[in-house]
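Visitor: Sequence order for the protein chains is A and B. Counting from 1 along the first sequence, just add 6 to a position and that's the residue number in the numbering used here. Counting from 1 along the second sequence, just add 1205 to a position and that's the residue number in the numbering used here.
If you're looking for bench data, these hints aren't it; they were derived computationally from the structure. Any given hint could be a false lead.
[To be verified] Okay, derived cross-link-like pairs now, EDC-like style, lysine to aspartate or glutamate, Cα gap no bigger than 20 Å in a straight line:
| id | chain 1 | residue 1 | chain 2 | residue 2 |
| --- | --- | --- | --- | --- |
| 1 | A | K200 | A | D102 |
| 2 | A | K298 | B | D1417 |
| 3 | B | K1428 | B | D1417 |
| 4 | A | K298 | B | E1416 |
| 5 | A | K298 | B | E1420 |
| 6 | B | K1546 | B | E1533 |
| 7 | A | K174 | A | D197 |
| 8 | A | K99 | B | E1525 |
| 9 | A | K298 | B | E1525 |
| 10 | B | K1418 | A | E300 |
[To be verified] Taking CB as the label site, the calculated pair distances span:
| id | chain 1 | residue 1 | chain 2 | residue 2 | range |
| --- | --- | --- | --- | --- | --- |
| 11 | A | D130 | B | V1233 | 42 to 50 Å |
| 12 | A | G128 | B | E1420 | 46 to 54 Å |
| 13 | A | D104 | B | F1281 | 34 to 42 Å |
| 14 | B | R1398 | A | E274 | 38 to 46 Å |
| 15 | B | K1208 | A | R297 | 53 to 61 Å |
| 16 | A | A190 | B | V1312 | 56 to 64 Å |
| 17 | A | N249 | B | S1290 | 30 to 38 Å |
| 18 | A | K192 | B | W1530 | 26 to 34 Å |
| 19 | A | M255 | B | S1290 | 18 to 26 Å |
| 20 | A | K176 | B | R1333 | 35 to 43 Å |
| 21 | A | Y138 | B | F1523 | 48 to 56 Å |
[What the hints assert, rightly or not] Computed footprint of chain A on chain B, listed as stretches where at least three residues anywhere in the stretch have a Cβ under 8 Å from a Cβ of chain A:
| id | region |
| --- | --- |
| 22 | 1274-1283 |
| 23 | 1389-1402 |
| 24 | 1424-1435 |
Backbone N, C-alpha and C define an ideal beta-carbon position, used for all residues, glycine too.
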Amino acid sequence: MDFMVFQYPMITVQACLDGILLGILFALIAYGMALQWGVMNIINIAQGDLVILGGYIAYFMYLYGIHPAWGVIVAPVIMYFLGVLIYKLVINKVVDRDLFISILATFGISILFMQLMNFAFGADVVLANSDYGTTMLFNNNVVLPNSKLFSAFISILFAICLVIYMKKSKLGRAIRATAQNARAAKILGVDTEKVYAATFGINAALCGVAGALISITFTIHPYMGLPYTIRSFMIVIVAGLGNLPGVAMSGMGLGVFEEFADYILGTEFRIGSVFLLLVLILVYRRFKLSRKREYLK
Amino acid sequence: MNKNNLILYSGILIFGLAAPFLFPAFKVQLSILCVLIVLATTWNIQGGEMGYNSFGNILFYGLGMYLCASVQVGMFFPLAEWTESGGEKTFVHTPAQFFQGMAVGLVVAAIVPTIIAGLIGYSILGLRGHYFAICTLGLGVAAGEISGGIEIIGAGQGFTTPPFPDVGSLEARGEFFYFLSFFTLILTFIAVRSIYSTRFKLILNAIRDNEDKAEAMGIETMKYKIIGWMISAFFCGLAGGIMGGLVGYIDSTDVAFDGREMGVFMVLMAILGGKGTLWGPIIGATIFHIFKEGFWTFFLGWQYVALGVLIVVIVIYFPEGIMGWLREKYPERFGEVIDEKDRKAQVELK
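Chain A on its own, in the form it takes in the complex (with noise of 0.2 Å):
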């Protein structure tokens, strides 16, 4: 235990900052989580793990010598046809079946993809330098990398447009349809296969962006997938889903929750604790609706 970060306050402005920072790109992947959970009633274990996959193409990108900030443009293209194509492989036989199925399933293709990435790109741990410097403020107290900036910066634009796009266009009226009423979508002419496609394409896409940030501004591993997609688990249901608002302000508490376990327990507790907190919140919120003779649903 360690309790410097009540005594400088710079520190807790510091892990503040970082953690805002961070959960805005939570908040991304999360909001990815949302669309395919609230669209197609999937929970997708694997989400992690495409964010990482989006990272490695990043780092492969920065290894050949281009700026790994391009990731952002290329990871998405490449993850959005890989969605695609896991969707038309696994996911579209697991859509309308129990929830459980598609955990195990997806939980499946989690292990997979884990393993892949170990042979493909080794189990190291790796980050794709940006040399964007950094930003020191507060009388040099706060240290502030400009990257991180660039991370949330990034994340939030993909997020606007994205609403808008959900919001104007053919497809995001249909996606909205069909998260509606499936039948009835279906019954008024939307192809719904192919609009669990594009919205599964879709949620691989922003994780692609998601993990070309974290490779730029934290660090990537094969291993590292599991987390993320606790995290957006959490963030969404304590936001609920379709509320983007609650997505971004659950996301960035999220993140800045972490900053400080990390300070305060220690970073060999930080996975640990995050892992604790969707316990506690699970558990909270079992015993606040038993009062009214409900559960989660």
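Once you have looked at the hints, place chain B on chain A.
Guide: Frame of chain A, contents of chain B only:
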């Protein structure tokens, strides 16, 4: 118990008792098979019969593993110095100390997870469906991450369990662990079989089929759910304690709280064999273990890829499992009465 069953059971018992002498090279594999069957069968109590699909039974398994080993060491030597010395042991258990420690350790490894399941059961089992699944997944991973940060049980570098004492025979270690796991398996089978012939099993099935209705009919569902989970935890802890001694080395995320391997295996084995049947998990575990040991060596490093593909294929194409398939094919053998007219009418409809 009718005559056929008696022959079957005594056949299996005789085979089980003779197996280590018939196949001395496979003693460790057979012990692991017994542990896997125990895990799959007890997962099935709340996963298959109760409908609460848990990824978190690995929590009790890992807890049992750590508890058994710590008790075995801690009864005779200071635990902190033991873990600090790592692989080079300064303390040696005498045979009497080893078996005494193992016996007490296994009791603790079974009891403590049961109590913990009872304590957290009320909070966790209030969640339903996929929330329960994800919550227990989080619980298992959190336990692994946290135990990896605790110094006294070895933190990240792992914990070596007491080596088997020198009792004069080289075969003794394998035989001891084989019979230990085999008798645990028999104990589990008898316990589960007698549970399945009581009203308790019907209540669990009622909870699976429709929990609200079961509650409306006056069943205290929460009580039975907790008891069901505690039974699972009891045997998971026991299996973990045995497995810890068998493997000889405990690592927080790779051996004890290994959600990626054992945690998924137990779910997969139960689904492969058929959820919600007595024999399903046993058949599933046997086939899975034979497949795993037979083909794992061919994949050479691609095991996890094969495992991922296997999970996807089983889940998508055999969600009912082998027993479910047999049941559909030969419903008469499962005691289902088929109206021939009705069946013909259905065939015509198709």
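Visitor: Decide, hint by hint, whether the structure agrees.
Guide: Consistency of the hints with the structure:
{"no.": "1", "hint": "A:K200 with A:D102", "result": "15 Å, holds"}
{"no.": "2", "hint": "A:K298 with B:D1417", "result": "14 Å, holds"}
{"no.": "3", "hint": "B:K1428 with B:D1417", "result": "14 Å, holds"}
{"no.": "4", "hint": "A:K298 with B:E1416", "result": "16 Å, holds"}
{"no.": "5", "hint": "A:K298 with B:E1420", "result": "15 Å, holds"}
{"no.": "6", "hint": "B:K1546 with B:E1533", "result": "17 Å, holds"}
{"no.": "7", "hint": "A:K174 with A:D197", "result": "18 Å, holds"}
{"no.": "8", "hint": "A:K99 with B:E1525", "result": "15 Å, holds"}
{"no.": "9", "hint": "A:K298 with B:E1525", "result": "35 Å, violated"}
{"no.": "10", "hint": "B:K1418 with A:E300", "result": "14 Å, holds"}
{"no.": "11", "hint": "A:D130 with B:V1233: 42 to 50 Å", "result": "33 Å, violated"}
{"no.": "12", "hint": "A:G128 with B:E1420: 46 to 54 Å", "result": "53 Å, holds"}
{"no.": "13", "hint": "A:D104 with B:F1281: 34 to 42 Å", "result": "50 Å, violated"}
{"no.": "14", "hint": "B:R1398 with A:E274: 38 to 46 Å", "result": "44 Å, holds"}
{"no.": "15", "hint": "B:K1208 with A:R297: 53 to 61 Å", "result": "55 Å, holds"}
{"no.": "16", "hint": "A:A190 with B:V1312: 56 to 64 Å", "result": "59 Å, holds"}
{"no.": "17", "hint": "A:N249 with B:S1290: 30 to 38 Å", "result": "54 Å, violated"}
{"no.": "18", "hint": "A:K192 with B:W1530: 26 to 34 Å", "result": "31 Å, holds"}
{"no.": "19", "hint": "A:M255 with B:S1290: 18 to 26 Å", "result": "50 Å, violated"}
{"no.": "20", "hint": "A:K176 with B:R1333: 35 to 43 Å", "result": "37 Å, holds"}
{"no.": "21", "hint": "A:Y138 with B:F1523: 48 to 56 Å", "result": "51 Å, holds"}
{"no.": "22", "hint": "1274-1283", "result": "violated (count 0)"}
{"no.": "23", "hint": "1389-1402", "result": "violated (count 0)"}
{"no.": "24", "hint": "1424-1435", "result": "violated (count 0)"}
Hints 9, 11, 13, 17, 19, 22, 23 and 24 from the list above are not met by this structure, while the remaining hints are.
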